[in-house]
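Input sequences plus hints: build the corresponding full structure.
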Amino acid sequence: MAESDVTQIDGVAVEINGVEVIAHKGELLIDAAERTGTYIPRFCYHERMKPVGMCRMCLVEVDTGRGPALQPSCMIECTPGMKADTESAITKKAQDGILEFLLANHPLDCPVCDKGGECPLQDQTMAYGPGESRFVEEKRHKEKPIPISDLVLLDRERCILCDRCTRFAKDVAGDPLIHFIHRGNNTEVNTFPDEPFASYFSGNTVQICPVGALTASTYRFKARPWDLETTESTCQTCSVGCRISIDSSRDQVQRFAGVDIDPVNWGWLCDKGRFSSQVVTSEARLSEPLVRDNSGLVPAKWSDALGRFATALDNASSAQSIGVIGGSRLTNEDAYAWSKLFKGVLATDNVDAQLGDGLPAHVVLGLPAATIDEVCAPGGTVLLLGPDVKEELPVLFLRLRHAAVEDRVTLVEVSPRSTGITSLAAASVHPRPGETADVVAALMGTTSINGEIAGVSAVELEAARSALAAATGPITVVLGRASLAESASVTVAAASAILAARPDTTFLSALRRSNVRGALDMGLAPGLLPGRVTLEDGAEWYSEVWPAMPSATGLDTEGILRAAADGRIDVLVLLGADPLSDFPDADLAERGLTGARTVLAVDTALNSSSKRADVVLAAAGFAEKAGTTTNIEGRVSTLSQRVTPPGTSRADWMLAAEVSTRLGTDLGFESFADVLAEISAVAPAYLALDQAIAEGSPDGVLLPLDVVVIIDEDDDDIVIVDETVTVSEDGAEVDVTADVVAEETDADDAEGLIEIVADDSDVAGSMPPFVQYTPIDVVVSPPVDSYSFRLVASRKLYDQGTLVQSAPSLAPLAPGSTVSLNPWEFDRLGVAAGGRAIVRTAKASVNVTVQSDAGVPRGVAAMIVNQADGRVSDLVSADELVAEVRIETAP
Amino acid sequence: MARLTNDNVEIAHEIIGRYPRPKSALIPLLHLAQEQDGHLTDEAMAHIGELVGVSSAEVLGTASFYEMFKMETVGRYMVNICTNISCQLRGGEELLAHAEKTLGIRPGQTTSDGLFTLEDVECIAACTEAPCLQVNYRYEHRISNEGFDQLVNDLRAGRRSDIPSHGVLAQVRQHIPEDRRAGVVAPEDKAVPVWIAAAGEGDK
Chain A
0 MAESDVTQID GVAVEINGVE VIAHKGELLI DAAERTGTYI PRFCYHERMK PVGMCRMCLV
60 EVDTGRGPAL QPSCMIECTP GMKADTESAI TKKAQDGILE FLLANHPLDC PVCDKGGECP
120 LQDQTMAYGP GESRFVEEKR HKEKPIPISD LVLLDRERCI LCDRCTRFAK DVAGDPLIHF
180 IHRGNNTEVN TFPDEPFASY FSGNTVQICP VGALTASTYR FKARPWDLET TESTCQTCSV
240 GCRISIDSSR DQVQRFAGVD IDPVNWGWLC DKGRFSSQVV TSEARLSEPL VRDNSGLVPA
300 KWSDALGRFA TALDNASSAQ SIGVIGGSRL TNEDAYAWSK LFKGVLATDN VDAQLGDGLP
360 AHVVLGLPAA TIDEVCAPGG TVLLLGPDVK EELPVLFLRL RHAAVEDRVT LVEVSPRSTG
420 ITSLAAASVH PRPGETADVV AALMGTTSIN GEIAGVSAVE LEAARSALAA ATGPITVVLG
480 RASLAESASV TVAAASAILA ARPDTTFLSA LRRSNVRGAL DMGLAPGLLP GRVTLEDGAE
540 WYSEVWPAMP SATGLDTEGI LRAAADGRID VLVLLGADPL SDFPDADLAE RGLTGARTVL
600 AVDTALNSSS KRADVVLAAA GFAEKAGTTT NIEGRVSTLS QRVTPPGTSR ADWMLAAEVS
660 TRLGTDLGFE SFADVLAEIS AVAPAYLALD QAIAEGSPDG VLLPLDVVVI IDEDDDDIVI
720 VDETVTVSED GAEVDVTADV VAEETDADDA EGLIEIVADD SDVAGSMPPF VQYTPIDVVV
780 SPPVDSYSFR LVASRKLYDQ GTLVQSAPSL APLAPGSTVS LNPWEFDRLG VAAGGRAIVR
840 TAKASVNVTV QSDAGVPRGV AAMIVNQADG RVSDLVSADE LVAEVRIETA P
Chain B
0 MARLTNDNVE IAHEIIGRYP RPKSALIPLL HLAQEQDGHL TDEAMAHIGE LVGVSSAEVL
60 GTASFYEMFK METVGRYMVN ICTNISCQLR GGEELLAHAE KTLGIRPGQT TSDGLFTLED
120 VECIAACTEA PCLQVNYRYE HRISNEGFDQ LVNDLRAGRR SDIPSHGVLA QVRQHIPEDR
180 RAGVVAPEDK AVPVWIAAAG EGDK
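Chains as they are written, first to last, in numbering that gives the first Met the number 0: chain A, 0 to 890; chain B, 0 to 203.
Incorrect hints may appear among the rest.
What the hints assert, rightly or not - Taking lysine to any residue and the SDA-like style, the derived pairs with C-alpha atoms no more than 20 Å apart in a straight line are:
#1 A:Lys842 <-> A:Asp784
#2 B:Lys22 <-> A:Ser422
#3 A:Lys221 <-> A:Gly115
#4 A:Lys82 <-> A:Gln70
#5 A:Lys169 <-> B:Gly52
#6 B:Lys22 <-> B:Val183
#7 A:Lys141 <-> B:Phe64
#8 B:Lys22 <-> A:Arg182
#9 B:Lys69 <-> A:Arg182
#10 A:Lys141 <-> A:Pro106
#11 A:Lys169 <-> B:Pro21
#12 B:Lys22 <-> A:Asp170
#13 A:Lys169 <-> B:Leu50
#14 B:Lys69 <-> A:Asn184
#15 A:Lys138 <-> A:Leu102
Said to hold, decoys possible - Derived Cβ-Cβ restraints for the label pairs, each shown as a range:
#16 B:Met70 <-> A:Met125: 36 to 42 Å
#17 A:Leu107 <-> B:Glu42: 38 to 44 Å
#18 A:Glu33 <-> B:Asp188: 35 to 41 Å
#19 B:Ala190 <-> A:Asp868: 57 to 63 Å
#20 A:Asp698 <-> B:Ala185: 38 to 44 Å
None of these hints come from the bench; they were simulated from the model. What you are looking at is a predicted structure, and each value in this text was computed from that prediction instead of being measured. The C-beta atom is built at its ideal place from N, Cα and C for all residues, glycine as well.
Right, here's the structure in full:
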């Protein structure tokens with residue numbers, strides 16, 4: 000927190016080393032000292048966890064009126080008149096003594112320890128410790144290291160018992176799988192025998208370990224800290240947008256670490272994000288373009304590959320015969336460049352960044368938005384209406400967990416089965432798949448509760464309704480797809496029911512792919528143009544910067560695949576997308592890919608779909624290109640280049656520009672900054688973004704900005720303001736004040752507004768309004784068939800996706816395909832936990848292992864998306880509202 | 000598999016019912032498990048974790064603090080011989096040496112018939128009766144070499160019904176009917192005591 004935040008009113012005057020400073024009310028002495036420039040050494044204290052006073056390193060002399068005494072500064076709050084001396088002889092003697100004790104049993108194997116060079120114990124011993132040890136006895140010896148999970152190793156000799164990892168596991172992650180055991184003289188951190196620390200957040204313990212006791216299997220003996228080069232960036236594993244640092248050595252990415260920013264990740268990362276550092280260096284990465292000849296895909300020259308790519312697009316019979324799928328794992332600049340190429344040059348609107356597994360763009364962009372901080376604001380009420388956040392957006396789970404456990408936030412969950420957050424929810428109801436909207440309407444009080452609704456008992460409904468009714472202010476909703484076996488319209492109808500009953504509700508979209516929000520913002524969805532405007536409203540606005548424009552709203556991914564299957568798509572472009580694995584209906588994806596005459600792919604590595612392409616352009620990936628990204632909140636943060644891309648692969652925006660040049664149109668981009676500048680000049684929600692980023696902090700910039708567009712007609716000090724466009728928060732109101740003459744200084748007075756000075760050509764006419772959300776009132780779900788089970792297809796953090804499978808440490812963690820059933824169903828089906836069963840729909844059947852799960856309601860079969868052996872996407876039909884399956888014992 | 004037996008699960012639920020929070024029953028349940036198997040098995044600890052709603056690691060963390068919870072198989076009779084100062088002066092060390100010879104094992108070991116485990120312990124608070132020892136925490140006072148041999152013979156012959164097998168705390172199990180239990184109220188649900196309320200500190 001900045002010093003300027005301190006106000007005299009609720010401040011507490013304390014004296015640290017003879018200087019009076021103002022502490023916040025309730026602030027710990029260690030924090031107040033650090034904030035005002037006095038660092039007190041510590042091992043166990045961590046600013047994102049509760050203090051425990053375990054290590055005693057932060058002892059300082061404190062006088063609260065009863066004379067000076069040594070006290071741990073992490074355990075005392077500042078009180079008026081408190082005097083602390085962090086440099087007195089007694090304090091120094093205490094620090095020296097504590098370090099001598101800590102080092103008594105520390106092995107001092109620093110030369111072979113991965114922590115050496117960035118080790119708090121090493122650093123603080125140098126700064127505050129004794130020069131030599133008086134300990135001549137034999138030190139403790141333990142087996143080194145022992146694996147406590149697949150990803151983390153523990154060297155118990157090095158451990159100083161600070162309780163950071165165990166507190167993190169219990170208090171932050173909620174996975175108390177590591178604990179102090181054999182407490183006493185032989186205390187050590189360990190797991191229960193044969194029960195590993197299998198937490199999705201285990202890597203954080205490595206980052207916060209103040210010694211080299213916990214090390215990550217991916218980084219052991221890979222580099223020394225003094226050889227590392229570090230750049231801050233934003234994690235691109237999911238769309239939460241955690242701030243990270245990328246460490247590289249010898250032009251190879253070595254590891255990622257969490258960076259603490261207040262609005263998003265608080266320094267934490269999930270293991271998938273942290274260990275996806277291995278994806279960058281994966282052997283599967285493409286280093287050169289590939290083209291198909293008689294023998295299959297073979298390496299080619301860039302000129303040939305780009306030529307064939309452009310020719311295919313050029314030869315398409317019409318704009319409507321081009322379909323583009325993907326783009327949600329790109330930077331905003333990449334997405335804008337492709338958007339400009341496909342929509343603004345080739346005039347096709349058959350573009351969709353989502354693979355039928357997200358929500359319609361008008362819902363994501365049009366619903367009133369909530370930030371993560373707003374969702375987690377103390378005392379609030381949150382309705383969780385979407386996927387298992389622990390599996391899909393793990394760090395959002397950490398924030399929600401903290402909100403529920405520490406900040407009195409009431410969580411109410413509506414999901415087809417219990418999830419990782421169910422145990423934290425005040426109420427959790429599990430409606431029958433397809434009938435969520437009916438339950439939501441009842442919870443909102445729109446319909447009355449006269450008994451069971453959609454399989455949820457009246458008692459449970461009442462509990463959830465009263466939890467929601469107890470909310471003192473507007474509620475927030477985390478909205479996403481809980482099951483891919485259920486149409487998105489079910490979720491949209493539920494959101495409509497909420498908004499109809501409580502119009503002040505705000506929403507956070509729980510979409511999964513890293514920059515899906517940015518891709519939608521850049522217009523990679525049918526009927527959209529960059530900057531959150533519709534094709535209809537924005538066509539005129541873009542007419543001066545884009546040479547062409549689609550004539551009508553195009554097809555989404557499902558539509559494109561159907562058209563391709565019917566032979567109506569000449570060129571199918573896959574922008575880092577794998578519809579065969581990710582589209583919920585594998586059969587339709589297969590028919591679409593087969594039906595498309597030419598398949599062009601742009602990707603960092605081959606996946607099952609791009610293996611079938613005719614041309615594959617090798618793209619630079621994460622950490623290999625600069626850019627910006629937009630997270631689920633609509634927060635734009637920067638991505639940095641740390642290493643050079645493999646081989647001759649290059650950033651997507653370059654590829655788009657190259658293809659465009661071959662098609663006879665210069666996109667006008669020579670650097671990513673050019674693309675960002677154009678976005679900042681024309682995309683309505685992104686106006687002035689480049690300035691805001693340049694002035695901004697690592698926290699990123701929340702869009703849309705409040706901007707004043709000043710049209711500059713001469714270069715004098717006096718600026719003629721022809722048109723002032725003020726974009727309000729929801730983008731709906733556009734205030735156009737014409738012919739106002741003002742001095743430049745007047746514009747500066749407008750508080751919180753960023754001015755951009757543009758010439759006429761950039762801002763032609765008045766700004767188009769932002770996308771509006773269109774409600775869906777009713778979805779009619781099929782009647783319940785008591786012989787069938789409704790299928791729930793949800794995700795696990797680790798799957799067979801390219802990202803997980805490209806990281807050798809994560810690939811084996813994918814759980815494999817199972818069907819989870821309520822144990823009450825076993826007898827009537829004749830199946831048993833651990834046995835095999837056949838799950839059948841009209842079009843296909845899969846043979847999978849049966850799991851007993853009391854969190855799955857009766858009448859529901861829960862399966863995991865994109866796992867090996869038995870794909871759930873074989874069972875789902877895209878045209879059905881909800882998938883019904885029969886379950887039989889496997890012969 | 001040495002999870003708690005069905006009978007013991009029933010007892011476990013009764014024990015859990017005595018406390019406002021299930022977690023508080025952890026140590027009594029560990030005793031129950033040790034009574035069942037003679038020591039704490041991993042399966043029993045995991046089962047206890049399920050019963051009281053904590054992770055297995057937390058059960059182990061608590062259990063491993065206490066010397067008297069044994070994680071390894073021990074004999075039916077745990078013989079603890081004191082060699083602390085009073086007993087040492089009165090021949091404790093010699094008694095231990097005699098016991099080693101008689102049983103043919105060193106401290107920390109178990110006889111091959113699985114009957115006796117020998118331990119060399121610090122003061123067991125019977126200095127007036129030195130040298131002393133305990134069998135399954137039941138005292139034997141002023142014990143001589145002959146007395147020790149007699150004790151071992153009696154135990155082998157099953158003549159010491161007053162000493163149950165290792166892990167059994169008491170021969171009569173405490174049973175508190177539900178209507179006789181008192182004070183099963185979570186601290187946060189209890190009324191503020193008058194002396195605190197009177198001082199105006201009850202608002203916390």
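Against the structure, the hints:
1. A:Lys842 <-> A:Asp784: holds, 18 Å
2. B:Lys22 <-> A:Ser422: holds, 17 Å
3. A:Lys221 <-> A:Gly115: Measuring from Cα to Cα gives roughly 13 Å; hence the hint holds.
4. A:Lys82 <-> A:Gln70: At roughly 12 Å apart (the allowed maximum being 20 Å), Gln70 (chain A) and Lys82 (chain A) satisfy the hint.
5. A:Lys169 <-> B:Gly52: holds, 13 Å
6. B:Lys22 <-> B:Val183: Holds - the C-alpha atoms of Val183 (chain B) and Lys22 (chain B) are around 13 Å apart, at most 20 Å.
7. A:Lys141 <-> B:Phe64: OK: Lys141 (chain A) and Phe64 (chain B) at ~19 Å, within 20 Å.
8. B:Lys22 <-> A:Arg182: The given pair, whose Cα atoms are some 19 Å apart, holds under the 20 Å limit.
9. B:Lys69 <-> A:Arg182: Holds. Lys69 (chain B) to Arg182 (chain A) sits at ~14 Å (cutoff 20 Å).
10. A:Lys141 <-> A:Pro106: holds, 10 Å
11. A:Lys169 <-> B:Pro21: holds, 18 Å
12. B:Lys22 <-> A:Asp170: Distance of about 17 Å is within 20 Å: holds.
13. A:Lys169 <-> B:Leu50: The given pair, whose Cα atoms are some 19 Å apart, holds under the 20 Å limit.
14. B:Lys69 <-> A:Asn184: Distance ~17 Å between Lys69 (chain B) and Asn184 (chain A) Cα, so the pair holds.
15. A:Lys138 <-> A:Leu102: holds, 10 Å
16. B:Met70 <-> A:Met125: 36 to 42 Å: holds, 40 Å
17. A:Leu107 <-> B:Glu42: 38 to 44 Å: Holds, at about 40 Å.
18. A:Glu33 <-> B:Asp188: 35 to 41 Å: holds, 39 Å
19. B:Ala190 <-> A:Asp868: 57 to 63 Å: holds, 59 Å
20. A:Asp698 <-> B:Ala185: 38 to 44 Å: holds, 41 Å
Comparing the model with each earlier hint shows no violations; every hint is respected.
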